[in-house]
Structure formats: C-alpha cells, structure tokens
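There are 2 protein chains.
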Amino acid sequence: MYKPGLHLISEFKVVDPEVLKNSQAMKQVLDDLIQEHKLSKVGEVYHQFPDSGYTAMVCLTESHISIHTWPEFNQVTFDVFLSNFMNYNNEIVTNIHNSVLAFLNATDVRLTQLNR
Amino acid sequence: MYKPGLHLISEFKVVDPEVLKNSQAMKQVLDDLIQEHKLSKVGEVYHQFPDSGYTAMVCLTESHISIHTWPEFNQVTFDVFLSNFMNYNNEIVTNIHNSVLAFLNATDVRLTQLNR
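Going down the list, the sequences are from chains A and B.
For the first sequence, numbering that gives the first Met the number 0 assigns the number 115 to the last residue and increments by one with no breaks.
For the second sequence, numbering that gives the first Met the number 0 assigns the number 115 to the last residue and increments by one with no breaks.
It should be emphasised that the hints constitute simulated quantities derived from the structure, not laboratory data.
Keep in mind that this is a model prediction, so the values were computed, not measured.
You may find that some hints are simply not true.
[Unchecked claim] Dumping the calculated DSS-like pairs for lysine-lysine here, alpha-carbon to alpha-carbon at most 30 Å:
1) LYS20(B) with LYS40(A)
2) LYS12(B) with LYS40(A)
3) LYS26(A) with LYS37(A)
4) LYS2(A) with LYS37(B)
5) LYS20(A) with LYS20(B)
6) LYS26(A) with LYS40(B)
7) LYS37(A) with LYS26(B)
8) LYS26(B) with LYS2(A)
9) LYS2(B) with LYS26(A)
10) LYS26(A) with LYS26(B)
11) LYS12(A) with LYS26(B)
12) LYS37(B) with LYS37(A)
13) LYS2(B) with LYS37(A)
14) LYS12(B) with LYS12(A)
15) LYS20(B) with LYS12(A)
16) LYS2(A) with LYS20(A)
17) LYS40(A) with LYS26(B)
18) LYS37(B) with LYS26(B)
19) LYS12(B) with LYS20(A)
20) LYS12(B) with LYS26(A)
21) LYS2(B) with LYS20(A)
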C-alpha cells in the first residue's frame, strides 16, 4: 500500500483560554507557516463562534490542517497531515504542529502520530 | 480532560479508481449525509486536480470531514471527526464513515479509531 505521509493529531489545553477565541490570530500563524514551508493552500474555512471558540480547516494540495477550539473547556483538537507525494514533508508536519502548540502555549498535550 | 468525540481515520483502496477522480459525486454523497444527520456545515473546499484525484474538506460546527484521493495509487485517505458537545454523535461518525466507504466500494481498509 502507498504510504501517503505523517498525520499528527493532538488534544491539549492552553495557559490562557482567551487565545482560543481568536481565529484570525490563528489564520495569521497558519498562513505564515504555509508560506515558510512552501505549501500550496487551495482553500480554507475559519468559522468563529460568537464570543467563543472557532472551527477551522486549511485545505492543501499536500492534504490538510484542522483546528477546533473550546474555550469553555480550555481544550483544543488539532491535526496536521501532509502527504509525501511530491516532497518529503514529515519534518514540516512536526514543525507546523509544534509551532502552533508553542504559539498557543499548549499544556497537557496528548499526541497521536499516524504514519498513514 | 474534556473528551470531544470520536475520530475515525482510514486509508483504503477501491474497486475502480475512476471514482477517485469525481469530487462532485463525493460532494453529493457528503451533502446528503450531512443533511440526513442534521449536521451544520459552515464551509467546504473541493479541489479537483486535473484528470486526477481531489482533496476535499467539509468544516462543520461539530468538527470536520476530509478526503484526499490518489487514483495513481488507487488510494484514499479519509477521516470523520464529530464532537459530542451539543449531541452524542459517535454513531453518526461511524455511519458517515461506512457510507462513504460503501459508496466508493472500498477494499483493503486500514482503520484508526481515536476517542479524542
């Protein structure tokens, strides 16, 4: 079977749940990472719940990034999946994952690593 | 830790790889399933590669669905994740997952089940 690539899937908490209400700050972080790593965005959705969390996805030719936040529970579900079809992207998956967790000051991280 | 919900993640092959080139047929299937299960779509991306596969995501208030196809390798990566924040959705996750695999005539399924 063809092995598309690395998929990192995490749940975590943050130091200050207020950051989980700001989808536009996350869009800036992800856009910068996508540009830095020369990935190809083909669409995105950032849906902000009023005075609450957000649900967001970035669709890439290489696959996708998704993040869903629940400030009510101080909780985030996040995942990054890039295929290695055109380039070897495993290190980029790890870099994006860790950069987002660092930006949000993540704590109590539960990480699942799938080599799909 | 708050446990958002069930995330099913699969890789599989299909009987006829031609179906992996038709993003619009998949959009119809997913739209029907979203309506049937009364989920709330807040955005979507269907990106068709010319005479090849597609990469697609549906963003839901409940979380997301993604599918990436590689007819070159007769391969699909697919995932469905719904939170139980407003309703208990675990059975819906399984129903959507299995309905899409049935529509595509999936074979050689590798399934990962995460209770996030």
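Now for the hints, and whether the structure bears them out:
1. LYS20(B) with LYS40(A): Given that 30 Å is the threshold and the Cα spacing comes to 20 Å, the pair holds.
2. LYS12(B) with LYS40(A): 26 Å, holds
3. LYS26(A) with LYS37(A): Answer holds: LYS26(A) to LYS37(A) is near 16 Å, not above 30 Å.
4. LYS2(A) with LYS37(B): 34 Å, violated
5. LYS20(A) with LYS20(B): 37 Å, violated
6. LYS26(A) with LYS40(B): 19 Å, holds
7. LYS37(A) with LYS26(B): 28 Å, holds
8. LYS26(B) with LYS2(A): 25 Å, holds
9. LYS2(B) with LYS26(A): Holds. LYS2(B) to LYS26(A) sits at ~25 Å (cutoff 30 Å).
10. LYS26(A) with LYS26(B): Holds. LYS26(A) to LYS26(B) sits at ~25 Å (cutoff 30 Å).
11. LYS12(A) with LYS26(B): 34 Å, violated
12. LYS37(B) with LYS37(A): 38 Å, violated
13. LYS2(B) with LYS37(A): Violated, because 34 Å separates the two Cα atoms, which is more than 30 Å.
14. LYS12(B) with LYS12(A): Roughly 36 Å between the alpha carbons, so the hint for LYS12(B) and LYS12(A) is violated.
15. LYS20(B) with LYS12(A): Measuring from Cα to Cα gives roughly 39 Å; hence the hint is violated.
16. LYS2(A) with LYS20(A): 36 Å, violated
17. LYS40(A) with LYS26(B): Measuring from Cα to Cα gives roughly 20 Å; hence the hint holds.
18. LYS37(B) with LYS26(B): 16 Å, holds
19. LYS12(B) with LYS20(A): 39 Å, violated
20. LYS12(B) with LYS26(A): 34 Å, violated
21. LYS2(B) with LYS20(A): OK: LYS2(B) and LYS20(A) at ~19 Å, within 30 Å.
Of the hints listed earlier, those the structure fails to meet are numbers 4, 5, 11, 12, 13, 14, 15, 16, 19 and 20, in rising order.
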